[in-house]
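Novice: Letter by letter, the chains look like this.
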Amino acid sequence: MDKTIATVADAVADIHDGATVMIGGFGGSGAPIELIHALIDKGPKNLTVINNNAGNGKIGIGAMIDAGMVAKMVCSFPRSSDPRAFTERYLDGKIELELVPQGTLAERIRAGGAGIPAFYTPTSFGTELAEGKPIEVFEGRSYVQERWLKADFAIVKGELGDPMGNLTYRLAGRNFNPLMCMAAKRTIAQVSKIVQPGGIDPEQVITPGIFVDGVVQVANPQQEEALIRAGATYP
Amino acid sequence: MDKTIATVADAVADIHDGATVMIGGFGGSGAPIELIHALIDKGPKNLTVINNNAGNGKIGIGAMIDAGMVAKMVCSFPRSSDPRAFTERYLDGKIELELVPQGTLAERIRAGGAGIPAFYTPTSFGTELAEGKPIEVFEGRSYVQERWLKADFAIVKGELGDPMGNLTYRLAGRNFNPLMCMAAKRTIAQVSKIVQPGGIDPEQVITPGIFVDGVVQVANPQQEEALIRAGATYP
Amino acid sequence: MINDIKLTNAQIAWRAAQDIEDGAYVNLGIGFPEMVAQYQPEGREAIFHTENGVLGFGQAPAEGDEDWDLINAGKKAITLKPGAAFFHHADSFAMVRGGHLDVAILGAYQIAQNGDLANWRVGNKGVPAVGGAMDLVHGAGRVAVITDHVTKDGKPKLVAECTFPLTGVGCVTRVYTSLAVVDIQDGHFVLREKLPQISLEDLQAVTGAELKLDGPVADLIVPEL
Amino acid sequence: MINDIKLTNAQIAWRAAQDIEDGAYVNLGIGFPEMVAQYQPEGREAIFHTENGVLGFGQAPAEGDEDWDLINAGKKAITLKPGAAFFHHADSFAMVRGGHLDVAILGAYQIAQNGDLANWRVGNKGVPAVGGAMDLVHGAGRVAVITDHVTKDGKPKLVAECTFPLTGVGCVTRVYTSLAVVDIQDGHFVLREKLPQISLEDLQAVTGAELKLDGPVADLIVPEL
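In order, the protein sequences belong to chains G, E, B and C.
Sequential numbering from 0 applies to the first sequence in numbering that gives the first Met the number 0.
Sequential numbering from 0 applies to the second sequence in numbering that gives the first Met the number 0.
Sequential numbering from 0 applies to the third sequence in numbering that gives the first Met the number 0.
Sequential numbering from 0 applies to the fourth sequence in numbering that gives the first Met the number 0.
If we strip away everything but chain G, and leave its shape as in the complex, we get (with noise of 0.2 angstroms):
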């Protein structure tokens, strides 16, 4: 079993305009800076992009929603330092916002990933974020109820990766990657270093290569937030 991709350009060749894409990443931190870069490249048109964020400044999602290339955002929070590439089109209502709440999302993509078509969570209850949902009352609490959330594709970053599609992450770099890599049909992950299988300790591992398609060494991943103090843009 290889799942080893060579480059970044062949990771995201797959994904077609209109697929909804989960990209993992909260703010920066573990965000697959390279992939997406690869998958402005390609160009596709109409995704649906899901991320707890909107973008920050002119590269990575921001440079997607720049591009022209995001239809729609789901996310718990579009805002940033620099968030002036949704806001405009969202203003103008030229980009549709799917505004879920942050612990919601989470548990939304690991039910899609979990086979749980949907679940109760007292969070936004009362709230205008649950109108239309339907409330349920369990042991004298009132709950909404929430559905699974899935996607096309995931792309993620790790820090090591192996033929099997092993990971592990860095820090808190971990965040959503796991989840999404549950919620996809297809998973592609970005990691800084290939080993060998056994590479990583099986007590170590993060997400099990079964949640993994693909795996692509990116050796020194740039960092979200340092290219945007550096003043980065895309392309």
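Because the hints were derived from the structure by calculation, they are not lab data.
It is possible that some hints are incorrect.
In silico lysine-lysine, DSS-like type, Cα no more than 25 angstroms apart, as pairs [stated by the list, open to error]:
1) B:K124 to E:K93
2) B:K80 to E:K71
3) E:K57 to B:K74
4) C:K154 to C:K124
5) B:K80 to G:K192
6) C:K80 to E:K192
Fit chains E, B and C to the supplied structure of chain G, relying on the hints for placement.
Specialist: Relative to chain G, chains E, B and C alone:
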């Protein structure tokens, strides 16, 4: 912060008559034998025990049942190489059984720990184990509504622990242990070794300390399967 | 007669193994289905999943080398292959329920022509035990059954409707028996392969619902094992 | 007048910090609430949780020492204390929703006398962003708010009923303001502490619902920071 406890007797001292107790492990793998035996020494009655199985031989949960401590078992597979203790009492109507499919058992426990009062699963739809449960159709497929499962206490077995309550597990001994840590009001872990805070790499923590209330060192823990093969009994 | 010319359990397991693709993620039910792992075709490597939280395990260890923290769902000692991973039970059943397994191969008491499976209990007596059976029938890309074609007293196991308590509804897509390979399509048994020594009529006589034909019926290979 | 005699944000944060028990698991909302971490009383150590998957983080690193993979929910660089742990977002919100946090301290636009909180959006304009706010108001043992007692243009923030979009229903149990400490009990504001320089009448005049009394009102301490 210091969650360490000196002895297994101290560790189980609060477990009272009528309590619901989750016990980690799958068969003998990851089963906290020393904590179970300490609980037998204390001898609370009328317990509801949640475990994948229902004891094997004359040690561990089997010995708890023989000691007349267990009023009800919640499990997926009350069979083993020597299931006499449970079988006799069950057929005599002296112990109650709530039979739960294994994946549903795991998910109900996770839901209890995660504040999800109910969720939908395809598992058991159309079978007698779904009788009386709400059914809902999502995207053309029928699902069974299942409720969370919580406990007063969880007793689990880890490999390394630290005074903050962080835990690792050994091999497949992980199984239900991390989930049960999340779902009990009070979680006690026996570990082979207590290390200083920072002695477990933060990226390799499997159960974060927030889910654990007490940690007791049992340096050379017994293995249920080995005890059974040796014909051991307790007390 | 039927009992003189039939595949052994090992031969049924071998046949099922021939359909497992290279790189497939596979869960084998406890007991007889575990034999399938021994007959992976040369050059193909499946990755085996066990409910208790291991992906990528290998053969049983030599006697005396067992580590009883390292077991499969049948509580038997296992070993690891390079690239294995451990995870907890909720993640393990996320793999099952979430559709991440390619194949699940299970035993059966009865299989109905609509794909219903009964494999967890035969009546209301004794101690019921379900384990992971009701989860495994959902989510895998293919749910296959391996079984003798008939019960020990000669009754059909492939039936019009299950009479034993169900494990899952409409979940089985292929059955490998001691006499035949049968697909389940649109509420019917469709015969794909049979032992050449048995006539279609004789096979139908020990099958509890109609065996439809949909193209040619191949000879079921009898491997020398 | 009110604006001349009021606690600074740092002093409000200090007051809230005095109620955090040794060993408590605490989530501090983005922005102003993060200041609470700086005022833990001597000899007590709280463990701080951040939504993006870290438990046990410490101060910000020195400028230039930031590792941007190691941030908090406000996307600020953090450091780790010994015994910290990383986990993914679903586990992180299991901690929140599952009742494992002892205290959550949040900011507010409005707090109603029944415990309703509005802190995520002030109207229908602009880009809405909710983050983890709606999750954090559920599950923590205590949900407290720190806030100026009034808005910048002098309107009450403690109100009979929230007019801004709600974050959560009946979730807040204590409010630390620039003028007072107020508990929420049985649908009412109950005054616990106030600045001694302010009369009860003046405090009531800048509060949007009745301040009930239930025992003596202590003097709100003005710490030198």
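Novice: Tell me the hint numbers this structure goes against, listed in increasing order.
Specialist: Per hint list: single violation, 2.
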